[in-house]
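Engineer: Here is how the chains run, residue by residue.
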Amino acid sequence: MTAVQEIVTEAPAIEAVPKRAMTLGAGTSLIVLALLILFPLFVKNFIIFQMTMLLVYGLAVLALNILTGGSGQFSLGQSAFYAVGAYTSAILMEHAGVNYALTLPVAGFVCFLFGFLFGLPALRLSGIYLALATFALATAMPQLLKLGYFEYWTGGVQGLVVTKPDPPEIVQSVLKWSHLKMSQDMWLYYFTLVITIAIYIFSVNLLRSRSGRAFMAIRDNEIAASAMGVDVALYKTLAFGVSAAITGIAGGLGAIAVQFVAPDGYTITLAISLFLGMVVGGVGWLPGSIVGSAFIIFVPNIAEGISKGLSGAVFGVILFLVIFLVPHGARQVAMVAQHLLGRFKKR
Amino acid sequence: MELLTNQILAGIATGAIYACMALAVVMIYQAIDHLNFAQGEMAMFSTFISWQLLQWGLPYWAAFLITLILSFVGGVLIERILFKPLAHAPVLTNVAGFIALFAIINSCAGLIWDFTIKEYPTPFGSAPFLGSQLISTHQAGMIGVTVLLLIALYAFFTYTRVGLAMRAAASVPESARLVGINTSWMIALGWGMAAAIGSIAGMLIAPVVFLEPNMMGGVLIYGFAAAVLGGLTSPFGAVIGGFLVGIIENLAGTYIPGVGNELKLPIALALIITVLVIKPAGLFGRPIVKRV
Amino acid sequence: MSPLLNIKALNAYYGQVQALHGLEFSLNEGTVTTLLGANGAGKTTTLRAICNMVRTSGAIEFDGAPLSNRSTENIVRLGIAHVPQGRGTFTTVTVEENLQLGAITRSKSGVASDIERMYAYFPVLKERRSQQAGTLSGGEQQMLAVARALMLRPRLMLLDEPSFGLAPLIVRDLFNILGKINREDKVTILVVEQNAQLALEIADHAYVIETGRIVMSGKAGEIADNEDVRKSYLGY
Numbered sequence: 001m002t003a004v005q006e007i008v009t010e011a012p013a014i015e016a017v018p019k020r021a022m023t024l025g026a027g028t029s030l031i032v033l034a035l036l037i038l039f040p041l042f043v044k045n046f047i048i049f050q051m052t053m054l055l056v057y058g059l060a061v062l063a064l065n066i067l068t069g070g071s072g073q074f075s076l077g078q079s080a081f082y083a084v085g086a087y088t089s090a091i092l093m094e095h096a097g098v099n100y101a102l103t104l105p106v107a108g109f110v111c112f113l114f115g116f117l118f119g120l121p122a123l124r125l126s127g128i129y130l131a132l133a134t135f136a137l138a139t140a141m142p143q144l145l146k147l148g149y150f151e152y153w154t155g156g157v158q159g160l161v162v163t164k165p166d167p168p169e170i171v172q173s174v175l176k177w178s179h180l181k182m183s184q185d186m187w188l189y190y191f192t193l194v195i196t197i198a199i200y201i202f203s204v205n206l207l208r209s210r211s212g213r214a215f216m217a218i219r220d221n222e223i224a225a226s227a228m229g230v231d232v233a234l235y236k237t238l239a240f241g242v243s244a245a246i247t248g249i250a251g252g253l254g255a256i257a258v259q260f261v262a263p264d265g266y267t268i269t270l271a272i273s274l275f276l277g278m279v280v281g282g283v284g285w286l287p288g289s290i291v292g293s294a295f296i297i298f299v300p301n302i303a304e305g306i307s308k309g310l311s312g313a314v315f316g317v318i319l320f321l322v323i324f325l326v327p328h329g330a331r332q333v334a335m336v337a338q339h340l341l342g343r344f345k346k347r
Numbered sequence: 001m002e003l004l005t006n007q008i009l010a011g012i013a014t015g016a017i018y019a020c021m022a023l024a025v026v027m028i029y030q031a032i033d034h035l036n037f038a039q040g041e042m043a044m045f046s047t048f049i050s051w052q053l054l055q056w057g058l059p060y061w062a063a064f065l066i067t068l069i070l071s072f073v074g075g076v077l078i079e080r081i082l083f084k085p086l087a088h089a090p091v092l093t094n095v096a097g098f099i100a101l102f103a104i105i106n107s108c109a110g111l112i113w114d115f116t117i118k119e120y121p122t123p124f125g126s127a128p129f130l131g132s133q134l135i136s137t138h139q140a141g142m143i144g145v146t147v148l149l150l151i152a153l154y155a156f157f158t159y160t161r162v163g164l165a166m167r168a169a170a171s172v173p174e175s176a177r178l179v180g181i182n183t184s185w186m187i188a189l190g191w192g193m194a195a196a197i198g199s200i201a202g203m204l205i206a207p208v209v210f211l212e213p214n215m216m217g218g219v220l221i222y223g224f225a226a227a228v229l230g231g232l233t234s235p236f237g238a239v240i241g242g243f244l245v246g247i248i249e250n251l252a253g254t255y256i257p258g259v260g261n262e263l264k265l266p267i268a269l270a271l272i273i274t275v276l277v278i279k280p281a282g283l284f285g286r287p288i289v290k291r292v
Numbered sequence: 001m002s003p004l005l006n007i008k009a010l011n012a013y014y015g016q017v018q019a020l021h022g023l024e025f026s027l028n029e030g031t032v033t034t035l036l037g038a039n040g041a042g043k044t045t046t047l048r049a050i051c052n053m054v055r056t057s058g059a060i061e062f063d064g065a066p067l068s069n070r071s072t073e074n075i076v077r078l079g080i081a082h083v084p085q086g087r088g089t090f091t092t093v094t095v096e097e098n099l100q101l102g103a104i105t106r107s108k109s110g111v112a113s114d115i116e117r118m119y120a121y122f123p124v125l126k127e128r129r130s131q132q133a134g135t136l137s138g139g140e141q142q143m144l145a146v147a148r149a150l151m152l153r154p155r156l157m158l159l160d161e162p163s164f165g166l167a168p169l170i171v172r173d174l175f176n177i178l179g180k181i182n183r184e185d186k187v188t189i190l191v192v193e194q195n196a197q198l199a200l201e202i203a204d205h206a207y208v209i210e211t212g213r214i215v216m217s218g219k220a221g222e223i224a225d226n227e228d229v230r231k232s233y234l235g236y
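The listed protein sequences derive, respectively, from chains A, B and C.
Okay, so the first sequence: first residue is 1 according to the working numbering, each after it adds one.
Okay, so the second sequence: first residue is 1 according to the working numbering, each after it adds one.
Okay, so the third sequence: first residue is 1 according to the working numbering, each after it adds one.
Since the hints were derived computationally from the structure, they do not count as laboratory data.
Where is the CB? At the ideal position from N, CA and C, for every residue including glycine.
There may be inaccurate statements among the hints.
Unchecked claim - Calculated Cβ distances over 12 Å to all of chain A for the following chain B residues:
1) E2
2) T5
3) L9
4) V73
5) T93
6) N94
7) G141
8) G144
9) A152
10) G218
11) A225
12) K264
Claimed, not checked - Examples of chain B residues lying across from chain A (beta carbon under 10 Å, computed):
13) G74
14) L82
15) F102
16) C108
17) P121
18) V147
19) I151
20) A155
21) F156
22) I267
23) L269
What the hints assert, rightly or not - Ranges of calculated distance between the beta carbons of each label pair, as one might list FRET restraints:
24) B:Y255 with A:S226: 33 to 41 Å
25) A:F39 with B:Q55: 48 to 56 Å
26) A:G342 with B:W185: 38 to 46 Å
27) A:G305 with B:W185: 38 to 46 Å
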């Protein structure tokens with residue numbers, strides 16, 4: 001019927017974040033860090049728990065930022081990796097008695113493999129097609145977790161209960177000695193915070209490294225990158241692997257914090273939420289991950305508070321307002337703030 | 001062997017649903033180069049509007065026609081108010097917009113008409129078609145309407161000036177402006193048409209899957225898959241794709257062991273993606289040559 | 001007689017970069033004008049500025065009416081046809097549909113006969129009338145682009161490097177046709193060219209542009225005869 005080819009010179013679908021804007025400045029970073037370290041001393045346990053989840057989802061959004069904002073691969077399947085990480089931790093803890101901290105590297109490694117292997121067939125797909133493929137993965141995962149075949153390990157539809165860890169012996173001794181108290185929630189929060197910071201630093205360095213440049217070359221123009229000698233296949237699958245690994249660690253942390261894993265906690269809704277978190281935070285802007293995470297945790301609650309019956313609609317309206325005002329996400333807000341601050345300093 | 005043919009026929013019957021949805025998907029893709037995730041919800045909302053009109057006593061075809069027109073207008077309004085401002089925003093931001101629209105429509109439908117399942121009438125009756133146990137008259141009617149729609153769309157694009165202008169605007173927007181076409185309004189028109197086609201899909205599907213706010217979830221995904229399988233640039237491909245997806249879904253459910261209802265979707269998608277890996281532009285799409 | 005196109009103090013910007021600096025020139029109706037200059041001088045930008053395809057400040061008037069606040073498609077509807085760089089062919093529709101698209105803003109009357117006229121000017125297009133335009137060669141697509149622009153029945157035609165990538169004989173044919181169109185259909189032509197020699201042969205008037213400014217203006221014949229100018233600005 002048609003022999004004519006459509007010749008497409010594509011503008012990159014995902015825009016680049018300039019290198020110097022990739023992270024917060026040193027001053028801002030320190031302030032944020034100080035806040036993150038000090039605040040648990042002043043709030044209730046439940047809030048601490050929510051902040052832990054904020055960090056956990058922040059990590060998952062960060063992972064998506066590396067994959068989509070970094071290497072330009074569109075994924076709606078992150079919930080699958082999150083689930084695998086969560087279940088890996090849960091199974092190791094509950095069936096094999098492994099210490100919770102040690103389950104995380106395992107979860108990361110397992111998910112790295114899983115992501116890398118998924119990335120291989122995904123090499124030939126991009127854009128909408130990749131979106132469909134990752135969507136398929138995300139919808140399949142809860143069903144796979146419910147399969148009777150795995151029920152002994154996964155706990156089937158009901159899932160597994162995860163034991164909440166206590167602070168380790170050393171920390172407990174120090175606490176006794178200094179007459180301070182630390183709840184399980186508080187310990188878990190600091191534990192998560194340390195891991196989050198470590199992964200954040202790793203990610204920033206990754207994106208600044210040669211591999212990071214390879215990712216971004218691929219994102220901006222795959223053909224040109226390949227012509228320049230970038231091993232596109234290797235870096236694309238690597239990006240999937242790294243992203244999956246970080247998401248898996250987040251999943252593990254999430255499982256420990258929530259004390260529970262079940263198939264219906266890891267549906268496509270989670271994947272879509274993570275995607276929205278990435279957009280709201282600013283695609284490819286790593287510090288925005290936490291803003292995105294805050295959005296997906298708190299705004300649905302706010303929406304429900306405003307109107308129980310129309311909570312979805314309120315959420316949608318708030319989302320629209322955000323993307324109308326700042327189409328580029330929190331990064332745009334940061335840039336405006338930086339600009340204003342610069343002008344203020346000049347006076 | 002008979003099981004196979006039966007399953008294939010049954011697949012074609014269910015596939016008519018996906019074919020219709022896929023037409024709407026291709027329509028919007030032609031206009032805006034992306035897939036609108038909220039399209040299923042728009043179709044669902046349209047169907048509820050027609051249901052409401054029927055509840056108020058209008059005859060079926062009057063309700064159908066009014067809904068068609070309202071859907072067209074609605075599609076245009078949604079584009080003008082919500083998505084025109086995002087025209088210069090990044091693609092992913094637009095996708096977030098579709099998701100937001102999805103949430104808004106779904107929630108509003110739930111509030112206005114609640115989540116209980118409702119029956120929706122078919123103008124074709126549900127007797128067995130030509131005596132066959134596999135295809136009901138309604139399903140035959142669906143296939144018929146889908147084919148008619150396809151022909152109408154083909155005629156529109158090929159023989160009318162507006163259709164030509166739309167094709168041009170989708171093909172090379174800058175050149176389209178240089179011949180005086182208002183590409184912005186072409187996009188609005190595309191949205192309106194996609195909404196109208198979606199409403200037809202919804203009104204045909206509702207008798208089968210029953211009317212409730214979440215009825216289009218699975219259908220939309222299969223519609224996307226069908227459109228992609230057929231080649232996003234080809235309405236004909238979309239329809240064939242729809243039938244194929246129906247068949248694949250049925251066969252996967254019947255022949256692959258351990259595949260219950262829940263795994264049908266991912267398996268079907270996996271099969272479709274396998275096809276795409278081999279033929280990236282879909283079965284009937286134009287091969288896309290990427291230039292640096 | 002006031003000029004058909006009048007450009008005053010035109011600045012054009014691509015993002016933060018300013019490409020045109022206070023450009024000024026005018027075209028009289030019925031003339032062929034050529035805009036010459038090296039790569040990156042701003043020739044294409046000038047044409048794009050006239051059609052409001054790039055951010056500008058300054059005044060552009062067409063037949064007394066200001067153009068700056070109109071959208072591209074509305075400017076085209078005033079009677080300005082633009083044959084862009086790279087031709088901008090609608091590759092996925094047929095040759096004949098491309099021609100129909102050129103006339104899409106006109107009423108249906110006269111379109112069919114105009115298409116026949118285009119086929120008379122460019123017989124090779126008639127041969128390929130039902131072919132997908134993307135399958136045509138570069139030269140054929142250029143002819144198609146010019147024909148499409150003519151289908152608008154424009155008062156002013158802007159051409160951006162029509163000779164680019166074409167074999168010399170085809171270019172010669174094309175320019176002959178452009179001259180004919182100017183004389184017979186009274187179409188004012190502004191042609192941007194790197195091939196200065198060729199452009200000066202059909203032009204009445206010439207401007208030379210360098211880094212976004214007009215540096216020279218004069219009758220085409222005089223510029224062509226002026227060896228110093230040719231060597232400094234036009235490279236031959």
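Engineer: List, from low to high, the hint numbers that the structure doesn't satisfy.
Structural biologist: When the structure is compared with the hints, numbers 5, 6, 10, 11, 12, 13, 17, 18, 19, 20 and 21 turn out to be violated.
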